[in-house]
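There are 2 protein chains.
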Amino acid sequence: MVKSLVMPANKAFSELERAAVYRAIAERRDVRRGFLSRPLPDELLQRLLAAAHSAPSVGLMQPSRFIVIRDLAKRRAVHDIFKEANAKAAAIYEGAQGDQYAALKLEGILEAPQNICIVCDTQNERGHKLGRQTMPETAAYSTVCAVQNLWLAARAEEVGVGWVSILDPIRLRAILEIPDHILPVAYLCVGYVDQFASQPELERSGWEKRVPLETAVSYDTYSEGSKS
Amino acid sequence: MVKSLVMPANKAFSELERAAVYRAIAERRDVRRGFLSRPLPDELLQRLLAAAHSAPSVGLMQPSRFIVIRDLAKRRAVHDIFKEANAKAAAIYEGAQGDQYAALKLEGILEAPQNICIVCDTQNERGHKLGRQTMPETAAYSTVCAVQNLWLAARAEEVGVGWVSILDPIRLRAILEIPDHILPVAYLCVGYVDQFASQPELERSGWEKRVPLETAVSYDTYSEGSKS
Numbered sequence: 560m561v562k563s564l565v566m567p568a569n570k571a572f573s574e575l576e577r578a579a580v581y582r583a584i585a586e587r588r589d590v591r592r593g594f595l596s597r598p599l600p601d602e603l604l605q606r607l608l609a610a611a612h613s614a615p616s617v618g619l620m621q622p623s624r625f626i627v628i629r630d631l632a633k634r635r636a637v638h639d640i641f642k643e644a645n646a647k648a649a650a651i652y653e654g655a656q657g658d659q660y661a662a663l664k665l666e667g668i669l670e671a672p673q674n675i676c677i678v679c680d681t682q683n684e685r686g687h688k689l690g691r692q693t694m695p696e697t698a699a700y701s702t703v704c705a706v707q708n709l710w711l712a713a714r715a716e717e718v719g720v721g722w723v724s725i726l727d728p729i730r731l732r733a734i735l736e737i738p739d740h741i742l743p744v745a746y747l748c749v750g751y752v753d754q755f756a757s758q759p760e761l762e763r764s765g766w767e768k769r770v771p772l773e774t775a776v777s778y779d780t781y782s783e784g785s786k787s
Numbered sequence: 560m561v562k563s564l565v566m567p568a569n570k571a572f573s574e575l576e577r578a579a580v581y582r583a584i585a586e587r588r589d590v591r592r593g594f595l596s597r598p599l600p601d602e603l604l605q606r607l608l609a610a611a612h613s614a615p616s617v618g619l620m621q622p623s624r625f626i627v628i629r630d631l632a633k634r635r636a637v638h639d640i641f642k643e644a645n646a647k648a649a650a651i652y653e654g655a656q657g658d659q660y661a662a663l664k665l666e667g668i669l670e671a672p673q674n675i676c677i678v679c680d681t682q683n684e685r686g687h688k689l690g691r692q693t694m695p696e697t698a699a700y701s702t703v704c705a706v707q708n709l710w711l712a713a714r715a716e717e718v719g720v721g722w723v724s725i726l727d728p729i730r731l732r733a734i735l736e737i738p739d740h741i742l743p744v745a746y747l748c749v750g751y752v753d754q755f756a757s758q759p760e761l762e763r764s765g766w767e768k769r770v771p772l773e774t775a776v777s778y779d780t781y782s783e784g785s786k787s
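Those sequence lines, one after another, are chains Y and D. Each residue of the first sequence is one higher than the one before, counting from 560 in my numbering. Each residue of the second sequence is one higher than the one before, counting from 560 in my numbering.
Bound-form chain Y, shown alone:
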């Protein structure tokens, strides 16, 4: 009975295929510098969007919408609101930390020839609310799964992706004409890069260190891992 519902067994991933998936996961970086000015071919861009679009979604509602921004005037407008939000953000850090923050490169809005704003139609009726009655936030979470799919596919294509969250969402809505019922989830800078850093930029710059896995895992009940 169950068997009749599923398709014939897929061929298992080979060792090389499995390693490639782990490689994309390990070598993915949040890229803020080093974008090349050469735009992505449309075919490649569509492959990345298709990878995002095939992400899981609660109740199969597929709430994610992708706004591809190549227009320079639009990107300049977004860059302006980044600068404003970043100046406000910088003001909370003092002394050496303030200097360190000021030296960070946190976006590549103008350097990356294409930006992609990924938004979520949280109220969409598709899926008939299946899975959203107890945890309605899973609509937005579905869109984040799309972001991560795109990020990993991009890494395999030697395309860098950087997520910019230092933006006032209200002003971003105005620039991109995003209606009130649509939730901006991620603003991404996307483009070819000639290399990927071996460490996250925030670690390399001394802003923060990664913690080991065992500090993040517990068994059968929640418990605080050992602190780093």
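Wrong hints could be hidden among the right ones.
These stretches of chain Y come out as covered by chain D in the derived footprint (C-beta under 8 Å, 3 or more residues) [claimed, not checked]:
1) 604-618
2) 623-636
3) 640-648
4) 696-705
5) 711-725
6) 734-747
For the record, the hints were derived by calculation from the structure and aren't laboratory data. We put the CB at the ideal spot given by N, CA and C, even for glycine.
Start from chain Y and add chain D according to the hints.
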């Protein structure tokens, strides 16, 4: 100057490696049935958790915590709250849609020998709030990126993952002893399966259909895609 900050160029992904990443993305399924009773070897489980743990996180805050639930009494308790939430959810559907909902298999909590609850320490000071002043929801979004990493790594390992959102988060907290300041993001059923379906279960059962990519993409400004 920029060059000195990055490591020597990585070798580009081969065509086979690239295809493997797209394969994992395309063949990932939300699995609710067909879990095998054989538990995952600990080494494999740790590989999946490490993949999740290496997800991007805002400000490198790494807010995700992983609760691995193998204890049957705990899983029974979670299954009980699923049944209750699902009965309430089912009550909103009438007639043929109600019958269809009742026939859906929406979780594998007891069949999958391990469940993983992924939670987010949204208030953690790690990352020094970088990127979280304008969009604080990016802490939870970082945890969703971890979920998707785990999901894709699992697919490459022939391990099925199903996300259960039909749970009352307050009661889930009580069972897993999750403190108030920690946000439950995803409850996953995880285990070996002998095959993966070629279509999403909700599509196969006629609950919902997937829409084509072009309905989800617009350029430079938001616009509604053509409706399916």
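Do the hints match the structure? See the list:
1. 604-618: holds (count 11)
2. 623-636: holds (count 9)
3. 640-648: holds (count 3)
4. 696-705: Contact hint for the region 696-705 of chain Y vs chain D: holds, 6 residues under 8 Å.
5. 711-725: holds (count 9)
6. 734-747: holds (count 7)
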